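Each chain sits in its own coordinate frame; assemble them with the hints.
Line by line, the protein sequences give chains A and B. With the first letter of the first sequence counted as 1, position 4 gets the number 4 in the UniProt record's numbering; the numbers rise by one all the way through. With the first letter of the second sequence counted as 1, position 69 gets the number 69 in the UniProt record's numbering; the numbers rise by one all the way through.
The set of hints was computed from the structure by calculation and includes no laboratory data. As the structure is a prediction and not an experimental result, all values here were calculated from the model. It is possible that some hints are incorrect.
[Stated by the list, open to error] Which stretches of chain B does chain A cover? Using the computed rule of at least three CB atoms under 8 Å from a CB of chain A, they are: (1) 15-26; (2) 32-41; (3) 44-53; (4) 57-71.
[As the list claims (entries may be wrong)] Beta-carbon label-pair distances, calculated as ranges: (5) E9/B / P76/A: 57 to 65 Å; (6) L204/A / P99/B: 14 to 22 Å; (7) Q387/A / A49/B: 53 to 61 Å; (8) S160/A / G86/B: 28 to 36 Å; (9) A103/B / G319/A: 32 to 40 Å; (10) R37/B / E55/A: 26 to 34 Å; (11) P54/B / E302/A: 30 to 38 Å; (12) P127/B / D155/A: 15 to 23 Å; (13) V39/B / H253/A: 20 to 28 Å; (14) P54/B / D277/A: 20 to 28 Å.
[What the hints assert, rightly or not] Covered stretches of chain A, going by a simulated chain B footprint (3 or more residues, C-beta under 8 Å): (15) 138-147; (16) 359-369.
All C-beta atoms in this analysis are idealised placements derived from N, C-alpha and C, irrespective of residue type, glycine included.
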Amino acid sequence: MSDPRIAGAGVTHFGKHPERTGRDLFAEAGLEALDAAGIDPEDAEALYYGNFMGELAEHQGHQGPLMAEAIGLDVPATRVEAACASAGAAIREAVKTLRNGEAEVVVVGGAERMTNIGTAAATDALAIAADDLYEVRAGMTFPGAYALMARSYFDQYGGSREDLAHIAVKNHEHALVNDHAQIQKEITVEDAMEAPTIADPLGLYDSCPITDGAAAAVLTTESYAEEHDLDAPVAITGTGQGGDNLALQDRPHLAQTPAADKAAEEAYDDAGVSPDDVDFAEVHDCFTIAEVLAIESLGFYERGEGVAAARNGETTRDGDLPINLSGGLKAKGHPVGATGVAQLATVAWVLDGTHPRADAVPDGTVGVAHNAGGTVASTTVHVMEVQE
Amino acid sequence: MTESARDGEYDEWLDSIESGEGYYLECSNGHGWLPPRRVCPRCHDQDLARVDLPESGEIASHTTISVPTPQFEDDAPYVTAITDFGPVSVTGLVRGEDPDDVAINDVVGIEVGERVTTGDRAVVFRPR
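So that you can see chain B by itself, here it is in the shape it has in the complex (with noise of 0.2 Å):
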């Protein structure tokens, strides 16, 4: 892996997280994605827009991880959730709550954080 060349898209819509404008591309039947998409995959439209991302989501499940990959060695236990933002969900880590009090539907607002183990940005939830 070239560390040092950006994911594209990827990494723009993290910057846009970090300076708190977080969008998804939404599709004209509301069908909500991440970037990069040129296409709704549901729907096969092409006309994507940029949408604001709500502030806060719920949590719509979660686990917390034991055994990590070597990339989270050193942030083992940590919580992974996949998030609920309405027309589109996001995957996350939890932080700034204790990992036995997480719970589906709790409310979350989104930033970007490190990794422990690489200090890599990482998509954050926390409480709300």
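Isolated chain A, as found in the complex (with noise of 0.2 Å):
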């Protein structure tokens, strides 16, 4: 079974863009996904569209052909919906696709319109992930839900609100020199712990962004790579997906995620690493305690350890296993249904040098992506590898 390759990618800026239509988002990226790839749009047969509120935001549905159209592509075109693992969830089908030989050439992306429609209807938008019975009814939005996950892992493990702070400073750091990125400014430890509450123990730097953008990514066989002389050397080795109940009510652990962990499990069995082999990842911050539950689920980290890796200078990107030397969603921004793509194509421009924190990594040949979906009731992991 061969491992497809990354040909291209291409990211929007992340940040406020209210006036910009979702297609036109999309356009952007894609288009400069398949001019990186230097492939015959012809080649392509398939696009998986990761979007998650589309219906909300634009009063938009459908969007697979619509955006297959924007790109300029006449493919059987899919819209792939698991909340903020859309685009993840949108990866994984394509990777599957290229394995099973049904197509040489698949691009895959996804896009978000959010802040056009100002932050309570976007918050309450994204609230919809949740469980509506159970959790909506109850005055329950993101932030709250992990709030209710931090709280629980002080409760389970220690930690504190000054621990998550070093994860903000360090997101905020690494996205300095992202020009993708919506937030591009330093932040002190003092500013996050001082930053207005959103849902405490979860202030305003614990959050990531409501953000526009789009993110592409143009995959292939290595046959196709090889016989069309394609510069992709990096592969996609290890794809995983797992799920949990969606409420968390209805979990037996409230600091964990174990979606994450089967994911992962999967992830670097079909890829052959373990955990020790990774040398930095793009994982789900859309809150920080969301990062330490990732670390955590990820193998990097015992139950309860992740929450000082930023702290003590292990995450950062001078630190041995740097996290989200983009910025994350954290500094980088979430466009809901693009952030999937968004990671993997951080992760493969890092890993090919041209990313601008690649020098955090300069040897790194293994990288990996984690999105989450919900309180993480569903995740994606996959596994990249440099091939040459």
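Below you can see the structure in the form of structure tokens.
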């Protein structure tokens, strides 16, 4: 079974672009990816596209064919929805399609337009990824849900708001050179600690911003890349996906994310690597506590030990295991349906040396992307490796 | 959304809490769930029995939400908590206590109240 190659990727600026339509955002990212891949667009055979809240933000469903058209493709196009893991799940479908021999070239991507409806409506739209009957009607917001997880984590394992502040400081610092990032602003631990509370114990700097943006990538089979002499040194060598009860109340642990454990185990087995082999990772830090839960589920840290990783300098760009060199969702931004492919693009660019933070891992050969939906009821993990 | 249509077993469950006869569904292996459920997602057992919900539970985690959705705009700041009733846990609003005083392991009872903003029914926990 050959491993799909990442032939090219494109990402829009992530930020506040309320006037830009989803189709225009995706067209920019998709055309950039096709151009970077250097393929004949006629060779593309499918589009898998992630989007979460298009009906609510743009009154637009059925976005698959709309987005294929936007990038000039006449291919079967399917929208994949798994909340904030929509694009990660789209990547997984693309990988399976290529591995199964059903196509040689597939475009994968995602887009989300969010700021046009304002913070309150966007918070409301995001909340539908939770259990409507049992969570949303009890006032649950996503910051609220992760606040419940954070408080439970502190209670079970220890850790503090200050530990979480170090994660925000790290990811803001990482994004300073990322021109795609929504927030390019250095902050201090004190800034994070003193920021307004969103849902205690989480404050403004524990939360990712609301973001408009799109990302796309062209994936090909290994043989197509060789036959067409593509410059595509990075392969997706492992894919995994895990699920969990949708509602937090139905889970045995509030401070663990077993869906990510399952996804990571499957992806590592698929790639034939272990957590020790991983040089860096892009993880789904929609909230600072989410980065902690992610790096524990990915096997980089034991339960209860991930919270101090940023404070100890272990996950900063000069640490042993840099996490979120892009700035993460926290600073890069989180256009929900695009995030998984933006993570993939970051990992590919770090591995091929073209990312502005690639100097953090100059000899890196293995990178991981962790994309989580809801309160991690859906998670995808992808392992990417340099093949040359 | 059709406001007049009830949400089946969910609204029946709220009715049961309201009348002081709250219940949950338990499979043969003791896994608890809230309705509607036809199968235990943990062990696939379809023999789910109605069991009385204990009169009180312990708060497993809580948060004071300052930035609400529009449906809770006039409720904010408010406390949302997950309360452990044994085999089943329930999410609800904590009332009757200063938000700063709410703590994990607090013992609370369950009732049905209303959202300030919309008047819709909501699960409410109060200190016991």
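Verification of the hints:
1. 15-26: violated (count 0)
2. 32-41: Result for this restraint: holds, n = 3.
3. 44-53: violated (count 0)
4. 57-71: holds (count 12)
5. E9/B / P76/A: 57 to 65 Å: Given about 39 Å between the Cβ atoms, the range is violated.
6. L204/A / P99/B: 14 to 22 Å: Given a distance of about 19 Å, which is inside 14 to 22 Å, the answer is holds.
7. Q387/A / A49/B: 53 to 61 Å: holds, 56 Å
8. S160/A / G86/B: 28 to 36 Å: About 31 Å separates the Cβ atoms of S160/A and G86/B, which means 28 to 36 Å holds.
9. A103/B / G319/A: 32 to 40 Å: For A103/B and G319/A the Cβ distance comes to about 35 Å; the hint holds.
10. R37/B / E55/A: 26 to 34 Å: The hinted range 26 to 34 Å holds for R37/B and E55/A, with Cβ atoms some 27 Å apart.
11. P54/B / E302/A: 30 to 38 Å: holds, 34 Å
12. P127/B / D155/A: 15 to 23 Å: holds, 19 Å
13. V39/B / H253/A: 20 to 28 Å: holds, 22 Å
14. P54/B / D277/A: 20 to 28 Å: violated, 48 Å
15. 138-147: holds (count 7)
16. 359-369: violated (count 0)
Violated hints for the displayed structure, listed by number in ascending order: 1, 3, 5, 14 and 16.
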